[in-house]
Every structure is written in structure tokens, then in C-alpha cells.
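Student: Letter by letter, the chains look like this.
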Amino acid sequence: MSRIGVFICHCGENISATVDCEKVAKTLASMPGVAHSVDYKYMCSDPGQSLIRSAIKEKKLTGVVVAACSPRMHEPTFRKACAEARLNPFLCEMANLREHCSWVHAKGDATTDKAIDLVSMLVEKVKRNKPLFPIKVPVTKTALVIGGGIAGIQAALDIANAGQKVVLVEREPSIGGHMSQLSETFPTLDCSQCILTPRMVEVAQNPNITLYTYAEVESLSGFIGNFTARIRKKAKSVDEKLCTGCGECATACPIKKIPSEFNTGLGMRGAIYVPFPQAVPNKPVIDRSRCTYFKSGKCKFCASKCPAQAIRFDQQDEIIEIPIGSVVVTTGFNIKETSFFPEYGYGKYKDVVTGLQFERLLSASGPTLGEVKRPSDGTVPKKIVFVACTGSRDPAKGIEYCSKICCMYTAKHAMLYKHKVHDGDAYVFYMDIRAAGKGYDEFFRRAIEEDHVNYIRGRISRIYERNGKLIVRGADTLLGAQQVEIEADMVVLATAAVANDGAESLAQKLHVSYDAHHFFAEAHPKLRPVETNTAGIFLAGACQSPKDIPETVSQASAAASKVIGLFSNAELTREPIIAVVNRTAPPLFSTCVGCFMCQSACPYHAIEQEEIKTREGKLIKMVAKVNPGLCQGCGTCVAFCRSKSIDLQGYSNEQVYAEVMELLS
Amino acid sequence: MQALHQKAKELLESGKVQVIIGYGDGSGDRVRPVFISKAESASDLIWDDRCRQNLAVYLNKPEIKKLGVPAIVATPVVVKTIIQLISENQLKSSNIVVLVVDNDVVSELTDNASLEAYSAGHPVVFPPFVVKEIKDIAEMSIQQRNKYWQDELSRCFKCYACRAACPLCYCERCLTDNNQPQWVCVASHAQGNFEWHINRAMHLAGRCVECGSCTIACPVGIPIGLLTIEASRIVKQEFGQEPGLHCDADSAMSSFKVEDTETFIK
Amino acid sequence: MKIGLYPGCSLEGSSREYAESLRAIAPHLGLELEEIEGWNCCGASSAHQLDHTLSLALPARILAQAEKQKFPELLVPCAACYNRLASTKKDLANDASTRDKVTDLINMPYTGVTSVQNILEVLNLVLTPDVQKKIPAAFPHKVVCYYGCLLVRPASVVHAEKMEDPMQMDDLMKRIGATPLDWGMKTECCGASLSITRTDIVGKLCGNILEDATMRGAEAIIVACPMCHSNLDMRRKEIERVTGKKFSIPIVYITQAIGMALGLDAKSLGLHRHFVEVSVHGKNKVQQNVSSPSMAAVS
Amino acid sequence: MENNFEPKIVAFVCNWCTYAGADLTGTSRIKYATNVRIIRFPCTGRIDYNLLLKAFAQGADGVIVSGCHPNDCHYTSGNFHARRRWIVFKQMMEYMGIDMRRVKFSWVSAAEGAKWADIVNTTVNEIRELGPSQEYLEMSRQGVA
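Protein chains in written order, with our numbering: chain A, 113 to 777; chain B, 3 to 268; chain C, 35 to 333; chain D, 2 to 146.
With the rest of the complex left out, here is chain A (with noise of 0.2 Å):
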């Protein structure tokens, strides 16, 4: 016979105003199962919960309901208290008389009569809670961290510093992401490669970090703290251990006319390449799609001018597969080309750029060795029109979203050109500037006040081509909207930041959910924003939203702190509220029929094939097992079974029947 413990809380009077407290505490006094039942003003305070302690103690009692505000409020709280007394805490419930019946009621007999039904259809959930006991899981001490931008730079180098193990997966054939395009950073102007390179060197030189570039993530499977990774390694057609980064065979490849990504195809590269100078790992990759040999299998030079005989041809992807703990996603963003906008010539026009295609003609190691040149004819542009808000805050091109950095470095690309071009005019459209980061209005203001940047407050209508020359068709809306012309020598356009390409397969891949612009999506905006609502997977950088380097390197950090928080304990703990195919005794095994919709149901794939077989090993039936990690305790699996195989502890079958009928009684 269960002996319930009912505490009816007064709340001060917040619910005491229209619940006669004492009559529900007297009325389930005389409840079948209800062995001890009182009402107290503060449940929640200190002696109030002692209350609850001294009472298990005194009364033995085998099930506690504490009828009080929300237990999305104080359940954790009283389930503690009970769990003090040595009661298990999943046999203590609340029910919900503040928010569901005080404060929503009238005082008078139909609201006491209310919150005793609600206290009584508690009773009856209690006596059919069993004891759970949290899960616990094993944590393997391996972190992924995919895309080795800045983002996963800084993660991978907070966890490796932390002594934990980590895996950096890198699609390009070096690490270094978009930051190693650009040339100086705002808002301190200081050479992105130079505060760079030192970073990537490190990430190179740590022991406990394993570098794969040139590599995807194929597949993951598993759970929080026991994932397994499957990384393809593209075959680079060049033995990496051999190979010393000496540079002969680049120049030895007799094919020099491929639009280098890197240098956003103003530059030029061979088929066998590094991608930059201060490229890590410095060493070359065959483009398997443009070199002679894998189209005709002739030439072979690079092969014969090699001093370390380093050269591949034969090599092979490879699938490595890898035990994972925890991932961290940093696959950063990309810009909208010039294409996408029909209204500035679609590209047509070669001196219409984009903001990286500018960043390249700044950088020294540019195409252009730092001298801003026209990509049409190289001559010095003396007028340069910026255009911001390029495609994003434009929900005609399907980009309503701010791209956030654009302001900031459209500012530092005028003021960089004047720095360079004194004679040169800088023209920027823009709608509002957005520079609210530390130092950021400065120096934009400083753009303006020293560099002598012309800001026009409006958007351009048309850019089109006269004589040689751009001609820029706008408004100046702080001049009444006046019609303004310019005739540009070259045009920048801070085109919009979109997710990465194949950010949607890999969330598939990772079970991880995206928003309609294919950018990750954190658990929580605000209280948990570098967490998904996958167990394990954390998010930082650009891949989540357009963001500028300051704001990635701390989602970075702070990614890492959760990898290092979760890797610190040997084992993960998780609530016992999950579901249970149910076993019985042989022959039967389970009822369970193995018919596996529940398998298919589940979000969150927690639902394996288990095979029973006789100790010869002959398979008798194949059951339904739910994998205890992985289970989120949604309970949709339970009410679709139709045997009835299998139940949620916290919410079982017998639990809620039990409360329709006593609510109804």
C-alpha cells in the first residue's frame, strides 16, 4: 500500500487567495494511499522543505506530490529535498496550483474544488512512479572540430591546451579560412596574416591535435559522448611525409591558367598547388579535375622535377573512422558573387567586385601584390564606388537578414585605398552603418574625417557600362532623394555573407537542424547559443550567422569550454526519462514483434535492432531496444506502439491512464 506524502503549498497567498489550502490538505488526508497531508505558507523555503524531509523520515512515506506553483519552476528543487531524505526523486511530483488554478480563478468552491482534482490525479500518478536512477554514459575523449577557419582554429587549440584530444577536419587544401584572404583587420588594421599565420603554425605543431586537410566529414553516427566520425581524406596525389614543400614541381606544371580559388579568381594558379605562400600544411595538392596526366595520362613533370620523389598519382581516397566524443561545427560562411545581382551588369563587368575579391587586390601577397589595379586593363582606379547592403536586408533576393561585418569592412577598404591611392575619390552607398563593436564608430568616423571617404546615404539603382567607364546610378536620400551619377573607375560591392555550400548536407549528416538560409541553429538565441539541440554538437563562427572575427574567436572559446566541460567527467549523467522496450521471460522475450515503426518514428534515431538468440546462436526474433544515450523521452514511440511494447519511465502508460481516471472519478 503506498503511503503519499501531499504538501499543499500556500505560496505566501498567492494561492491561498481563492484555494482554501486547508480544505484540499484535509480532503486528500482521507485519500486512499495518501498517508501524511499538510499545508504549509513557503514550500519552497528552507523549512518548508525540511518539512518534506522530517515527514519521508517520520512516515516512511514511498511517494511525495507537492501541490505548488509550476514544476517547470520547483520541481528540480523538491525532488532534491526528497532526494536528501533518501527518497528516490522521481517519486515526488508537483502539481501546478498557481499558474493552473490561483492566479486563473476566481476565489470560491470551483477553484478549491479544481486544484483538489489536480492534487488527487498527482496521488494517483505517484503511486504508480517507480525509482529511476540517472544514466550513465561513457564519454570518449575525442573532440571533431569541422572547418579549420579561425572558428576552428581557436576551438581546436582551447581543447588541445586543455589536454584533450582533437580532430581537425579541413576541406580546403590548407587551413586558415577566409581570414587568410583578407589583408589588414578592422577595427586595428593590423595584417590579418600576420596575427594569423602564428595560430595556424600552432594548430600544425600540437600534439594533441590531429590535422586532416583536403578532407570531409563522410558520415556520424552515435551519441553524445560516443560518436563515431567516417573523414574522407581526398587523395592529394602527394606524399605528405616525404614531401618538404620545396616548390619545384609548381613551377615545373606547364599548366598556369586556373582561376585561383583562394585569390577569388583574380589570380592564377597551376594544377599542382598551394594555395597561398603561408599555407598550413605547406605542402601541394594535385587538382585532380585539370591536371594532364588524369585526363590524357601523359606530361608527369611535376613527377620528374620532384627531389623527394613525393609525387602520388596512384593514391586513393581514404575513409578513416574515428571514436568521437564531441563535435564542434566552425565551417564558417561565403559572399554572394557578383552574378546574383542582375541590376549591377550579373557580372558581367570586370571591375564590378566583391568586398574578398577586394580584400585580395589590398593583400600583399594578392594578385596584385597590394596595388589596387582595375582586373580589366590594370590601370590605377582614380574613383572607386563602394555599394553596401549588396543583396543582404533585401528580402526581394531572399536575404533579409544584416550581414553584419559589411559596414565595418567597406570603412577599412576606402580608407586602405586612400592610404594607397591619395588622388583617388571613394564613394560608399549605404543605408544605416552598423558599427556598434568596441572601437568600431571610431573608426569608421575616421573613414570619414580623416580619410575623406564620401558617404552617400542610398541605395543604387543600376550600374552600367559607357566608354570604359562605370556608370553608377544611385540617390542621395539626405538630399531629398536627388538623383546622383558617378562615373566609376571601379566598383566594390559588399556582396551578402550566406552559409557555406554543403552546410545543408552536413547538417543532414549531423542530425543537426538549419534555418531557411541553410545557417546552423543554436539550442537557445540567447541562453545557448553555441549549442544545438543535438546532444554533444556545438556550433561557433559564421556557420550559426554572419559574424566578424572578435565574436567568432569567443564562440569559438566558449564552444571549446563546453567540450572541455563535458570531456572533464569520466562519464555523462542524463535524466531517466527515456523509453524502455519491455523484456519478459522466455520464449517470449519481449512482446515487442519487431515491426520497427517506433524505429522510424524516433527524431532522434535511439531505436536499434536488437537480434535474441539461443545460446547456439540462432537468431529467434529481432526486438526493439531503446539506446539509453540517445533517447530524449518524447514518448512519441510509446503511444504509437501498437502492442504496447514499449513505455516512458516518468510518463508510462499506467501513469497517465491512471491520472484520466482519478481527473474524472
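It should be emphasised that the hints constitute simulated quantities derived from the structure, not laboratory data.
Even for Gly, the Cβ is constructed at its ideal location relative to N, Cα and C.
To be clear about the criterion: a stretch of chain A counts as covered by chain B if any three or more of its residues have a C-beta under 8 Å from a C-beta of chain B, and this derived list gives those stretches: (1) 700 to 712; (2) 753 to 760.
Below 30 Å or equal to it, Euclidean Cα-Cα: the simulated DSS-like pairs (lysine-lysine) are: (3) A/LYS581 - C/LYS196; (4) B/LYS67 - A/LYS730; (5) A/LYS725 - B/LYS94; (6) B/LYS238 - D/LYS91; (7) B/LYS67 - A/LYS725; (8) A/LYS638 - D/LYS116; (9) B/LYS63 - A/LYS730; (10) A/LYS730 - B/LYS18; (11) B/LYS67 - A/LYS737; (12) D/LYS32 - A/LYS138; (13) A/LYS730 - B/LYS94; (14) A/LYS219 - D/LYS116; (15) A/LYS369 - A/LYS410; (16) A/LYS581 - C/LYS208; (17) A/LYS462 - A/LYS494.
Given the coordinates of chain A, assemble chains B, C and D onto it according to the supplied hints.
Tutor: This is chains B, C and D only, laid out in the frame that chain A set:
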């Protein structure tokens, strides 16, 4: 029929199958399932339009499984049932031989693709009286329907013959055998019957291939097949999914599409 | 290809040459035009400033008439009428209550079955490769195509792809041997109805267009809308007065250009009605084309 | 004639959205009828249609089933499965002659406190118009008596 006998003899003699599940003469002019494991008695098999029970119900019985690889004489709905059972991980086309008879030509279907092709080519055709019943009920008001089903179901005395006849009711412990909690009242009063029959319909929604075995099996002649036909009709109309067509089909009720539409959830 | 025709007021009035040239080239393109009986005004821009329901009822009546005469498609050469009919069809398609109100007003059954086609869509269908074979390189001129606004906007009604940089007319001109030049004024505003109230603004706007076309060496500006033609051609004196520059570049309807490529004589194409003398002509020898509007298709 | 029939209504709600929405109704002190008792489930996917049958059999006059809006589900797809289940169950019940106007399905997010109060009040009024749930009670009484 000769072709069937010939094929049955061959299969048994070659040892490819150990038992042939087919139709044989029953009491009166009725037909009953027969299980032939000796080549000589292959001629007991008959094949005419009286053969309507769904023999697929025997494929998973332990007694049949003990005998070894079975062959089964299959009407189109039996083929659909086998496909549905394959999609629910209950059968594998590799260890059964399905014999289909089309105007005295017997062919063997031994893999998913051939089963699916045959099923696609043979849509379910309701006999006229079923079509009429479906139409009548569709035109009833909700009160009339309530009265109709109360009267019909009042004759049910929970013999569960319908459950036994249905190949898709393969649970070892049925929902009704569940008493912690007692989901379905055991007694065959109005409430108990209603709860049993609506649960049977919900469990067969999107799974029932409309073979009619349950209606045939019901000793008190309740048209309970109409309930599962309606359940499958709802699933087809709302989600466009039909049972018994693909061996790898996702079950309609345990999958979803984000764009499922309804008008009653506000 | 038999198709219903809704000429609209300007094709009967100020832009008769557009209708004449269309009827002249139709037989050669296997196009059989059948005018709608008892058609009414489409409301143009004035209706929807005065009364929204009226601006839907007028085009709805035209479409209802087309349905009565069982036309699956309706060719609407004038850009303004096309825009009015197309947007009415769209508005009524997904608004049952307004549709009922409008059908009561015009007391004719209207279901929105007829599809509304502009001149570029129809020409694209009929100017097939074998028709092109009949007129090899027959209009060898450098031209610029001026689309204006109503042929390409708003995107939700007119599904012109690459709304900012349309290519349909350029493509048609290539088919008759012309070389369309790339220029920036394809969809710039010509001032439209301001040509009555503020002719100076039209002068300035059209001045930009004419100047840009002339500067690029175009021998003619091709248009497909009566409003564009009248502003660029009829207002030539005001434009020259406002800009202080002389422009001699002719404005030619696309139907006239095709007519010239077919070698039809100037009179039947209505070229004599232009204010600016048409200095371009087709290479083929001029043949007298006496086709009357109701004559059935020849080829 | 003043209809003072007080219907008994039970509400099956999901913990993450509607239960939290009802909490918000409380914290915003929005008053609503006392006829509804809330039973908490982790997700609408967990709500078994047999519970509705049992509720009516026990004398409930109306049932409210409410959970997260599509795409809001804490468990990503619980509400989608529930939606499919209710689409079939509703039409099956109506096919077998049970008036489903007594069952109210809704989406209420954790931020829609006012909407929850409104759903409760409108449901109570509608069920009051329908009166006590006759056909189901008869069915149960007829059998058990």
C-alpha cells in the same frame, strides 16, 4: 488447375520448398486452407473464385516455419499482404515462394521487384455489395452512422476471429491482452466493442490491403472490413500513401511530411 | 496558330501603325488574329486610381468575352492593356469574394480560363526557325531594345525572367538578323503619362535614353509598347528643346522590324505615321502586301 | 433560459509549449473558466488516442489537445506525428458516429498565454451549448448497467 498441380509437384520433389500453402475442398461447397508437404497430394490444391481467405496469415506461424521454406498460392491481395509484411520486417521474399495463377499460367515470384510489379498490376477491386455498403454509409449523417455501428457492433461478442484471420494482426500480446492499464474493456458491451473496433481500425490505418478476410471470418457477419477500408482510405486521401505496393515503403502512420495539411487544428 | 486579339484603344488610335504592322506580318508567321467582339476599355492607369473594383471589372469583362468566344489564349499587344489584364486575372484568381462581386458587376460568367499573352511571348512562339529561314539576315542593323516598364514589371504578375536585364526582344531581333547592342536603359522610365502634364520631365528622361542609344551607335530603338513609342517618337521636338541636342534615331515597333525583314512595304507597316523618319529598312525587296485584317492565314 | 450546465473538460498538453503557455496565462493573471483540468505530457507525440476514449468513457464532456506549433517541437517531430494521428483518428471517430466537435485540437506556444485562456473559454462555451456528452455516456452506461 493442372498447371498448379504440376508446379506444386515440381517444387516439392525438387526440395525447393517443404510445404505448399493453398486452398483445398472444405465442408459443403466451401474452401479451406490446405498445407501440402507430399508431392502426391499436390492434386488436392484447387483454384477458383471461392478461394478468398488470406493465406498469408499462416506464413509466420511457428508450425509452418518449423517445416522449412513454404510456397504459397497467392491471390493479388495475398501478394499485397506479403509486400506489406516485408515492409514491416515480418517476412523476407528470399525465403518464401509465391505462386500466382493467371488464367491457368502459374508463375513464381521470389524477389521484392517481381512482387511489387505483380501488385502494381493488380489493384484491389471491391465486390459490388461492398461498394454499395461503402456508398450507403458515406451518405449517412453522423447520427445515422452512430446508430448503424451501434447496432452492428452490438452483435460482437469479442471472439477475436477477425484478429486471427488478419495477417497484419501479428502481435504476440495484443493491445486487448494489456491489463496494466486496461486500454480496451474486456466485456463485449457497447463501450468495449467500440474501443476494440476503433483500435483495430487505427492499427490497420495505412496497412490494411483490403483483402476482406476479417469480414469473411466474423461469425456474426458484422461488416468490420468497412472500418479498415475506411482507415486506409483516409490515409490514402490525406497522405497519398497506399499499403502493399513497395517492400521498402515507410509506414504511413510512423512517418510524416511537414506539409501534411488539416483544417481543424487552430 | 489561331489566337484572340484585344487591340485596345491606342492600337485603334494614336498607335495605329502598331496594329497595321501586326496585321501585316501575321499571315507570314502563321498567326490568325481574331478580334474580340464588343471589347471595352481596359481601364489603363486612370481606372485603378479612381476605383479599385472598376479597375478589375473592366479587364474582367474583356476576359469573360474571350471565354465566351472560346479563346484559350488572348494576344494583348499594348503593354498597358496586357499589364491590366494579367494583374486582374491574378487578383481574381485567388480572391473568390472579389471575383463574385466582379462577375455580378459585369453579369457575365468569368472563370479565368483564358491565358493572357503579350506580344513578345506570342512572337517568340511564331517566329520559328523555319520562318527565320524565309528571311535570312533581312534586317541587318545595330539596334537597342527598349522594354520600358509594363512588359517586365511587377514580377509577381509578369513572370519575365531577369526582370532587370530582359532579353526576349533582343533574342527576337537576333532571329531577324539584327545585332542588339548591350545598353543600360532597357527598363529605364520614359516618363509615361507625364508626357501630357510634365513634358519637360519626359524630355529629360527620354533624352537620356536617346542619348545613350545614339552614343552606342544604334541605328534604331525597338519598342513593343505604344506609350514608349509615342514618348520617344512623337515628343522628339520637346526632347530636343529640353536637352538642347538633336536626335535622329528612329523608334521602330518590333512588329514593324519583322515586317521590314519580311520585305513588306512601308505603307502597310504604317511607317509613314512616324514623326521621326524611319532610316532603316529590310534587305529583301519590297512587296505590296494588301492583307486585310480578316483575311485567313496565307501560309 | 440561462444554460448553467458546467461541462467537465480535460486538457492533454505538451510540457514545452502549451503547459508553459498556460503558465504564462497564470503569471499574466488572465482569468478563464475553471472547467478545464490540465494533464502534462512531455510531447503531443506522447498523447495516446485511447486516453480520449477513456476520458469520454469516464464522463468528460470535452477534451482539449494542444501542443507546439509545427517546427517548434522541442523533440523536432513529435507534433508532426501527432498531427497525422489526429487527422486519421478524427475521421475514424466521425465515421463511427462520434461527434468530434467535443474535441478541440490547437497549437499554443509558450508565449501565447492569452491564446490559451481564449481556447479554454471558447471551448467551455461551445461544450456548454452541446450539453453533456450523451452518445458516449449512453454507450458506456448501456453496456455496464
